[in-house]
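S.K.: Sequence:
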Amino acid sequence: MIQDNNAARLSAVQNDLCALVEDLDDEGYRTQFHHDLSPIGWHLGHCTFIENYWLREVVHNDNRLTAPLAHYYIPANSPKPQRGPALPLKQDLLAQVRRQQADNMRLLSETATRQHALLKDDYLSLFLLQHHCQHFETINLARHQRALRNGCNEFEPAEALKPAPVRGEFVTVPAGDYYIGGVRPEAFDNELSAHRIEQGAFGIAARPVSNAQYLQFIEDDGYRTRAHWTETGWSWHKQTDCQHPDHWRKNGRGQWFGIDQRGVFELSPDAPVYGISYHEAQAFAAYAGARLPHENEWEIACRHGVLRYTGHVWEWCGNTFYRYKGFAPFPYEEYSLPWFDGTHYTLRGGSAFTRPIVKRPSFRNFYTPDKRHIFAGLRLALPQ
24 MIQDNNAARL SAVQNDLCAL VEDLDDEGYR TQFHHDLSPI GWHLGHCTFI ENYWLREVVH
84 NDNRLTAPLA HYYIPANSPK PQRGPALPLK QDLLAQVRRQ QADNMRLLSE TATRQHALLK
144 DDYLSLFLLQ HHCQHFETIN LARHQRALRN GCNEFEPAEA LKPAPVRGEF VTVPAGDYYI
204 GGVRPEAFDN ELSAHRIEQG AFGIAARPVS NAQYLQFIED DGYRTRAHWT ETGWSWHKQT
264 DCQHPDHWRK NGRGQWFGID QRGVFELSPD APVYGISYHE AQAFAAYAGA RLPHENEWEI
324 ACRHGVLRYT GHVWEWCGNT FYRYKGFAPF PYEEYSLPWF DGTHYTLRGG SAFTRPIVKR
384 PSFRNFYTPD KRHIFAGLRL ALPQ
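Here the sequence shown stands for residues 24 to 407, numbered as in the numbering used here.
Read the hints as simulated data drawn from the structure, not as lab findings.
Treat the numbers as computed from the prediction; the structure is a model and nothing was measured.
Incorrect hints may appear among the rest.
[Stated by the list, open to error] Between beta-carbon pairs, the in silico distance windows are: (1) Ser291 - Pro406: 27 to 35 Å; (2) Phe363 - Ile220: 17 to 25 Å; (3) Ala125 - Pro379: 22 to 30 Å.
[Said to hold, decoys possible] Below, simulated DSSO-like cross-link-like pairs (lysine-lysine); rule was C-alpha separation at most 27 Å, straight line: (4) Lys394 - Lys382; (5) Lys261 - Lys382; (6) Lys394 - Lys273; (7) Lys382 - Lys348.
Ideal Cβ placement from N, Cα and C applies to all residues, glycine included.
Given the sequences, and given the hints that come with them, work out the whole structure.
M.R.: Okay, here's the thing in structure tokens:
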């Protein structure tokens with residue numbers, strides 16, 4: 024039987040997904056606001072399709088609800104630019120989703136005696152919960168990009184953002200034998216198998232890089248100084264000509280401000296910077312005479328309580344996404360296995376839109392190094 028706490032959390036995120044769609048007009052519902060993101064309405068339908076797929080088709084051998092929609096809601100079958108026009112009317116989709124959500128919650132509660140690997144220790148409800156949580160954040164990314172598309176250049180902050188030097192407080196973590204990884208039923212396959220590693224001593228910043236510190240990088244010509252960038256990063260920079268975080272804008276008086284789905288806002292000097300790619304994070308680290316931490320260092324430091332302001336932004340790590348010893352794809356290969364390709368970098372932590380269940384020390388996010396539409400910043404580590 025689905026545990027009461029997991030049922031409540033799954034129901035809550037189902038409701039929140041609907042709420043993110045409910046207030047949209049037809050354009051906001053169907054439009055692809057970024058080439059890496061699907062239309063917002065598609066995410067809602069996809070989440071319900073995934074419930075139906077795992078609970079009905081896989082566990083109960085009933086594909087009546089999934090077979091007609093597999094061509095559309097399985098990502099590999101449906102190119103992102105084609106998803107918006109194929110959506111049903113918003114109110115029709117919302118009605119269908121709410122009806123199926125309620126039916127699926129009842130069906131989950133009735134599976135107590137069924138023997139299936141996905142039902143052990145309430146794994147399926149936790150899997151669906153976390154799947155939906157990730158789409159909740161992705162919908163917020165799309166809403167964020169929608170606001171950037173609307174644009175604004177005339178906001179005047181009450182207090183202009185001023186640069187601040189990089190004088191981070193670093194914490195030394197001693198060498199030792201440390202635990203890495205997660206445990207079932209919450210852990211995804213790429214968090215397994217949990218293991219111990221011998222880790223040398225390292226220094227890591229107590230808090231992420233701030234807006235004010237990043238502005239110092241900009242004003243010190245960090246975007247124009249080739250020495251800070253890797254060869255790949257410099258090539259990316261020359262192609263994109265990025266000069267500031269994705270959501271930063273400058274008014275006619277040269278003052279910086281931010282734009283998100285709430286509208287324009289004043290950039291807090293101490294808030295962690297976000298909206299930067301791995302390339303930008305690496306360049307900032309080189310500028311600061313530091314480096315990006317390995318994800319193992321980040322996890323060790325997090326578990327030992329020495330990191331402050333975690334969960335405000337995803338934090339780029341210095342290593343590519345890799346498989347742990349003993350890794351086995353579960354419950355399907357496409358979640359992790361294709362991305363152990365040497366081109367995806369790991370991020371740790373979580374953003375303001377990351378639900379608590381995902382903000383665990385072992386959770387591994389991953390993107391290619393060019394992505395800057397995500398809520399990602401950085402934390403520095405001392406050179407080894």
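S.K.: Next, verify each hint and record whether it holds.
M.R.: So, going through the hints one by one against the coordinates:
no.	hint	in the structure
1	Ser291 - Pro406: 27 to 35 Å	holds, 29 Å
2	Phe363 - Ile220: 17 to 25 Å	holds, 18 Å
3	Ala125 - Pro379: 22 to 30 Å	holds, 24 Å
4	Lys394 - Lys382	holds, 20 Å
5	Lys261 - Lys382	violated, 34 Å
6	Lys394 - Lys273	holds, 22 Å
7	Lys382 - Lys348	holds, 23 Å
Against the hints set out earlier in the document, a violation occurs for number 5 only.
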